[in-house]
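Respectively, the protein sequence lines represent chains Y and F. Under this note's numbering, think of the first position of the first sequence as 1, with each following residue one higher. Under this note's numbering, think of the first position of the second sequence as 1, with each following residue one higher.
Some hints here could point you the wrong way.
In this list, chains with the same sequence are indistinguishable; a pair is considered to hold if it fits within one copy or across any two.
Pairs of lysine-lysine residues, derived as DSS-like cross-links and limited to a Cα-Cα distance of at most 30 Å, are as follows [said to hold, decoys possible]:
#1 K369 / K41
#2 K277 / K68
#3 K370 / K128
#4 K65 / K265
#5 K176 / K492
#6 K493 / K84
What the hints contain is simulated information worked out from the structure, not anything from laboratory work.
Protein chains: 2
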Amino acid sequence: MFGWLSVHKNIGGEFVTLKNLDALFNPENIAVVGASNNPGKAGYVILQNLINMGYPGKIFPVNNKDEKILGLTTYRKLSEIPEKVELVVLITPSQLIFEIMDDLEVRMQERNDVRAVVCAAANYGETKTEEGIKRQNILMETTSKYGIRVVGPNCIGVIDNINRVDTTFVETLLPKESRGRKGSISFISQSGAVAASILMWGASQPVPISFNKFVSIGNMADVDFIDLLEYLEQDQDTRVIGMYLEGYPEGYRLMEVLSRITKKKPVVVLKVGRSEKGASAANSHTGSLAGSDKVYDSAFKQFGIIRVNTMEELMDTLQAFDKLPLPADEALFILSQAGGPGIFCTDAVSRHSFVKMPIISDGTKEELKKMLPPMANICNPEGYADITAAANPYHHKESLRLLLEDPTVSGVILITVVPTFLSQEELAQSLINLYKGEGYIHRKPVFMVIMAGSYVRGCRERLEKEGIYTFETPDRAANAAANLIKYTLFLKKIRSRGELND
Amino acid sequence: MFGWLSVHKNIGGEFVTLKNLDALFNPENIAVVGASNNPGKAGYVILQNLINMGYPGKIFPVNNKDEKILGLTTYRKLSEIPEKVELVVLITPSQLIFEIMDDLEVRMQERNDVRAVVCAAANYGETKTEEGIKRQNILMETTSKYGIRVVGPNCIGVIDNINRVDTTFVETLLPKESRGRKGSISFISQSGAVAASILMWGASQPVPISFNKFVSIGNMADVDFIDLLEYLEQDQDTRVIGMYLEGYPEGYRLMEVLSRITKKKPVVVLKVGRSEKGASAANSHTGSLAGSDKVYDSAFKQFGIIRVNTMEELMDTLQAFDKLPLPADEALFILSQAGGPGIFCTDAVSRHSFVKMPIISDGTKEELKKMLPPMANICNPEGYADITAAANPYHHKESLRLLLEDPTVSGVILITVVPTFLSQEELAQSLINLYKGEGYIHRKPVFMVIMAGSYVRGCRERLEKEGIYTFETPDRAANAAANLIKYTLFLKKIRSRGELND
């Protein structure tokens, strides 16, 4: 029943190299087979995305009825395209796969140029029907003969922001200025819907997230988690890896690769199937006999893989790893401009037993007292200060400076509910001046919470445009901070064992 | 040290009646003492809010330098206002309280019209200084002599949307059409910053939240949780009560009142101080010797008070109680258009052990199978269906209908990641036609998750404008659904004990 899952590992082994994956992310010219003139069709959106993204190579739509689509000359067949094509995107009805593969054979015999296929079409192995498996097999047989790497079938596509490739059929929501912007987060999703949600959510952040590489892996007929992880391991532009994982047939190998990567860069995983019912649903979906969640969970812990529980935590943690330096240690100070949210944050931080709230020096306490409004609560409890609603931008900035200068502090959560009578612009600017302008952003992480809603969007945008990530609520900041600390403690542990060369 | 907290209970007991609280929410004319012509001052924003809200009575700014503020005739003293004034808002520097109280005495001797004061100004009892306590005492001595009820000091104000009163100094962010709209949620906050955050967040929802009554209680020098809870208990327009709670000096009395109210309407509480550090910070902030969180927690459980953990859960749960019918039982079906988010939701639901995923009838399963796309996963596991990305609006709607018609189902979580090729408008409309048009919204709750980001905002707005609340992520829907079920189970329990008359 699940035979199709392991097919790819037995075919064309010799031709399959990491290097061939380049054609997914930086191909010389792209053909879209199944391109459409109908804006309601995926075959239209893919073309539009490639154009909107500003893909610098040539795009060749392939279908058998249109002369032009979106102004691009359309070809009847892949084999008729007169120029080099390194990447082929398939978005045709699945029953056409046999003739398309025949045509691909013709092309490869004549030109031998195609190096990768993104099969966004569905109705293949995932159907678990004889027909579906047959279709997936012909796809794999043909492509593997020529060492062509395949992503999918049954995926939403692949994005590379730096190389301006977007083969997804999710409407491009990134504003123009965010496309092609260098991102450091790369993401692999085992669910197309989760992938689409993440892209749509990422695009609506105060400063939209430009992922570096983004792959919806679909059925993993060929390219799978391990291929991509090994690729991202070597990719200099990828500083953080995110994954949405339902299950992987070779869990042991997956952990082997992950355990090697986490020594170099953080990996953040949203793994579903924690519950028995969830695992059963995952098994029906991916069909990968996922294995016990407990085994995954303990491996994650052992190998320093950061497991998150919600989409919010996933996005916040990825962004925090991307934008902030790692804390040197587990000492997190909570600096709040408001009692309620500060207390709330203290509760949230306390849920992570490995996070400590530091006892800062008497000197720092004295200086805070001298500088802050008289009502300020300084270090009651230890590791916590409430600078009160009377705090102006100067108080925010200078109290933050004092804490960042205190050697007992490895990171700060800064919470503010911008009152009506305090200029958001002024507050943002003074925090930028200190944190970025004076270079603290390279030394210690500050998790800035600007509450709440669209009223403070301007303030958050201002900060994020300067590369300072902002959080929506204190608990979200607390969770992200705890994840960074968890990774720090993991690195310390393996360093102390001599397993880390730095 | 905390003596000021109990002052109010000993003064003017005879005059203090629930009825006087009306003047906070529906006063005949309002004076704003400390009104300002400077848009950066709270004394300006309060006036602006009253005007923007469309307060139908007269507004009298009081200060000693301006002739007019925002076009309104300004008076030197409260006692000089020639018309009836039922509500006085104080936003003056705190040291002026003595002369203002002298002037209030004059007014009361002459006119005896003021019935309530909102003291938004700070620097009173909360400072725990001799001066602060003295100021609070003079305020309380004067007002209680005349049975005038006082909210604050040190609060952000009071809102009544239906009566168009907004005495807060948080910029009014509600769009015009949301002001004066009948809301059923009333909220009491022990933190001004949390109150402000909730207002700002509520205003930025797909359809902004029009609270019914909203009170930031500040120091609780007079009006406190119990007064307001008893008032809201009797308020026909309040169907759900929300609270942000740090601590209350008379915990036993609070629980007595709450245990009576939860038999009539749900109460949702965000109580901080769960952790030792958090409790210590709460104690510094509110100074109310909050008492053990464990005691609160077990009382909440016993009396059916719904405790939430995050701002998101607070807002979602309040909205769900407001907009959806209570489920008759604990059987929650997960209907997803996408595998990944559906599995994720199953995990989230499974965290609540009292929620059950129902085994629907074979008949319903058969009908689902007949109607849905061939790849659909029906009830594997039980209580779960994945209608797949091939599902069109008809599939969404009719599968939902079948489940709502199945007697084993008490509620449904419906998740959809609107694909590019499916019209959001069409999907929203068909769900509205079924759920609202055919009246299911009065019978069973459907928790609709429309993922994700601003791309689907139009779809969510369309649904919410018809009174159908939408959730941002599956886990948020799962938490809100679990909270409704928790309340249902509480009502069933007390009904079975004969403690509920219905």
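Hints that the structure is at odds with (numbers, increasing)
2, 4, 5, 6
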